[in-house]
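> Sequence:
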Amino acid sequence: MSKPYFSFFAVCSPVLASVAMAFSGWTVDANAATTPADAKTNGALYAVVHVDVEPKDLSSALPILTTYAQRAAADPAVRHIDVLQQDGGTNHFTLLEAFRSQAAYQQFVAQSYVKQMRERIQPMLGSPFDERLHSAVVIR
639 MSKPYFSFFA VCSPVLASVA MAFSGWTVDA NAATTPADAK TNGALYAVVH
689 VDVEPKDLSS ALPILTTYAQ RAAADPAVRH IDVLQQDGGT NHFTLLEAFR
739 SQAAYQQFVA QSYVKQMRER IQPMLGSPFD ERLHSAVVIR
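The sequence shown begins at 639 in our numbering and counts up by one.
None of these hints come from the bench; they were simulated from the model. In this text, all values refer to a predicted model and were calculated from it rather than measured experimentally. Yeah, the Cβ is synthetic: ideal placement off N, Cα and C, and Gly gets one too. Careful, some of the hints might be misleading.
[Unchecked claim] Derived DEER-like restraints, expressed as beta-carbon distance ranges: (1) Ala741 - Phe767: 45 to 51 Å; (2) Pro693 - Ser773: 32 to 38 Å; (3) Arg738 - Glu692: 32 to 38 Å.
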């Protein structure tokens, strides 16, 4: 049974490493959670969103993602946002988003500019829009 898990992590480790590198510049609040019980009350929420567009739509998708990131960077619900473009696969993007709380995330996805980006990018997608929400794992 351990073999499937090993192969999963062997394949995913480059992706996880790139995500970790992207978040490595962030600082940790001295009042941040220090135990798993505190982690649930700390409230921060993170989203890793994979957006793969058809290569023919790359020139149309870039301004949509750029505008979205600029608007999100000014949104008080968003702590941080990065738009990453895959090396060697320029039509593959990963959005790294950090929110103050679950409520802030809900407020964010209800914003018209977020809905507009998702609606405009949808016809360009080469694979499903893949958004995964995460909470921090507190390591002491």
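> Would you mind marking each hint as holding or not holding in the structure?
Here is how each hint holds up against the structure:
1. Distance hint check: the CB atoms of Ala741 and Phe767 are about 22 Å apart, inconsistent with the given range 45 to 51 Å.
2. Roughly 34 Å separates the CB atoms of Pro693 and Ser773, a value that falls within the hinted 32 to 38 Å.
3. Checked against the hint of 32 to 38 Å, the pair Arg738 and Glu692 passes, with Cβ atoms roughly 34 Å apart.
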